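With chain A's structure known, arrange chain B on it following the hints.
Residue numbers (this note's numbering), protein chains in the order written: chain A, 1 to 509; chain B, 1001 to 1352.
Think of the hints as simulated: they come from the structure by calculation, not from any bench. Quick caveat, the model's predicted, so the values are computed rather than measured. Take these hints with a grain of salt, some might be off.
[To be verified] Chain B is faced by these chain A residues, among others (derived, beta-carbon under 7 Å):
| hint | residue |
| --- | --- |
| 1 | P50 |
| 2 | R51 |
| 3 | S117 |
| 4 | Q119 |
| 5 | A197 |
| 6 | R200 |
| 7 | A429 |
| 8 | S460 |
| 9 | G461 |
Cβ coordinates follow ideal geometry from the N, Cα and C atoms, glycine included.
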Amino acid sequence: MQRHRVLTTPVPLLALAIVAAALLLVPVGFVVWVAISEGWSQLSAQVFRPRVGELLANTLGLLVLAVPLCVAVGVGAAWTVERTALPGRKIWAIALASPLAMPAFVSGYGWISAVPSLQGLGGGVLIAVGAYYPLVYLPALATLRRLDPALEESARSLGLSPLATFWRVVLPQLRVAILGGGLVVALHLLAEYGAFALLRFDTFTTAIVSQFQSSFAGPAANALGVVLAALCLVLLVGEASARGRLRYARIGRGAARPAVPYRLGRAAIPVTAVLSGILILAVGIPGTSLLRWALRPEGWQSIHLLPALTQTLLLSGGGALAATVVALPCAWLSVRHPSRLARGIEGAMYLASSLPTIIVALALVTVTLRVVPGLYQTPATVIAAYVIVFLPRALVSLRSGLAQVPPRLEEAAQTLGRTRFAATVEVTAPLMASSFGAALALVGLGCANELTATLLLAPSGTRTLATQFWSETSNADFVAGAPYAIMLIVLSVPSVALLLADARRRSDR
Amino acid sequence: MPVTVPRRLAAASVLVIAALGLSACAGSTAPGASSSTDSSSLSGTSITVYNAQHEELTQAWADAFTKKTGIEVVLRNGSDSELGNQIVQEGSASPADVFLTENSPAMSLVENAGLLAPVDAATLANVPTQYRPASGDWTGIAARSTVMVYNPSLISSDQLPTSIMDLQKPEWKGRWAASPTGADFQAIVSAILQEKGEDATTAWLTAMKENASAYKGNSTVMKAVNAGEIPLGVIYHYYWFIDQAKTKENSANTKLAYFGAQDPGAFVSVSGGGVLASSKNAAAAQQFLAFITGPDGQQVLRDGTSFEYAIGSDVASNPALPPLSSLQPPAIDPSTLNSKKVTDLMTAAGLI
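Isolated chain A (complex conformation) (with noise of 0.2 Å):
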């Protein structure tokens, strides 16, 4: 791929980018001015006590044992279809990302209303497992079958065994994506907030709920805040310095071959009977409870059902286009004029969004009503929570959009007569249609599940999928809600699919 340097950085595009990154720090200036302003001794009073003993022993019990399970298999499942000749892998394949499409917090319900008994550290694993592990398993898909099977047959041909080529060869070639998805995994653990509350198993987040919901946004729940967002921040940091500058690439051109698979033999029936296992776990025990609840026709009645699935869509679309807009020079900075600085503004997009979802909505809830109170409880602001959120989905795929499309077009047209805004328009954008649409669709669809910033934010009177399907199940009315969970996880599918589409194509290149 060529890479073009035009020596002007265009200035306004510049300023538009550092303002979008000012705005969308703004949940962690607020987690730094709470810190300040409380003091260390209000600060600590609210910190050092038993209660937030047990949280962190809590969250960081999810961290310990979720993180490595998620990895485990999301690993063992990408490997297994991807190395090996399991019958019917290219379903398996498709299979093992559907529990993408169920949201936490409805595989929380579907579990609890199956397993009433089903409660605190134990069912937090288990349904966070069945829930996040495809966040592991997608990339290392996608680094699996770009991977070169020379270095694999090399291995073998030297006298090592199968398992011990995959420990010694793959594993080793699988860091970046491992560390990246056990991250991801991680931030999902530390924001998550209906699944454990359904479970009555206490994070930082649900005692952040807890708190708002005595005293509104008080110093204890911001307290807390401070305290999830240093555990966010300790990750991030951790994840980088762990992942170090190391990449592991092909050197020189060339195509590498597809690998050629293990032939499973007789050990195809357990590796099908462990995959099952999962998926009976992830989504079919949920998924079965949810439709014994939906199969029911009282629930379809409610009158609130299309109201919700409108409202839905219009603030999940305006979070969608408004991220997207937001993403657009930030992306286009970073591929066409690449340096520190643009590094540095798409570098404090991430950590923005990083911060879990409840420190985001208690910041924005905070920030509208004492600095801008003409736009609290309006959908601006829901949407500026959702952009803050969801922004690194409209951000990568719109980078990888425009880095595909060659500079050298836009010249020809602008030798041609074109005025640089024209080429853009006419040239460069059509090219980018694809990835706008999968920039729209990945952050739209994360709107349309997003629970605690809209029960937060939502002008008074909104009813989304989400916020309906909670209020429901708060009640213990499962019946009311299995019709929101099944729209939210029809809402999903396309999503799942994008996802999964970009990670079996990423080995095209």
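Below, chain B without anything else, positioned relative to chain A:
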């Protein structure tokens, strides 16, 4: 890392999302609730109710009210203390016209912040004095009683505690449940605080942290008792009656018992309603409160599915309920309950 997407799928997504975006823009330019007030009638006005009461009940009130007056009602649903604190933080900029709670402490919180307008005298006249504060800044709209829900296969009726204070004894370790994060239970604690004082309450809460299983929500507590996970739960009465009237799915294996005898555990909690001093639709807001406490509104309590006690306009409660007069609650002035102190004590005890 390049992302490529099947072209047709991408094109379809673009179309769908663009359509959504357009309709979003159209939606935001058409405000739903900005019509001018007709001087002769308030029909067509809209009021915003911060609603901590059960959504179903308030929606029934709102629908009946809109049908009668033409005044639109927009609900913002939340919990007592969340919405109470929210109004306090919003101050005079609050978008709320009316505040409805499940329990009185959150109402007092807003009253003490000086944010409530006096309730119309005619509305106050609907409600007996024991169900509203002397200040007249808000009024009771309904009532609920604390109950024990128990599973007879795990505990017999003669083994039940006679006072809620007994639950701090070691023999109750792991044997009772409640929903400490909810405003309902916090109101019960405020009754204990009022009746027994701070030291006794602290001791009781500390023991509760040790003894009780914490669930999220009264219905979940009842469900756990029903499933035999735990013998006893402390909840409000109507969760049980609602489930009994429906499928009994979460209560078929359980029974109710009342503490009675003026015990703090026999606390009858008053749900409150008030009009915000900052309301720009004060006349319509006052009408709403008058409607709720009037015969029409109270009949919703009697005939509907909320199973909360009617307290105003001499309307009888749902006949399925034991009469309010038979419950022997402690005499507690609803305006004296201290929610801030309760959340502080419960935070210190590690319960929330």
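Do the hints match the structure? See the list:
| no. | hint | in the structure |
| --- | --- | --- |
| 1 | P50 | 5 Å, holds |
| 2 | R51 | 4 Å, holds |
| 3 | S117 | 6 Å, holds |
| 4 | Q119 | 9 Å, violated |
| 5 | A197 | 6 Å, holds |
| 6 | R200 | 6 Å, holds |
| 7 | A429 | 12 Å, violated |
| 8 | S460 | 4 Å, holds |
| 9 | G461 | 4 Å, holds |
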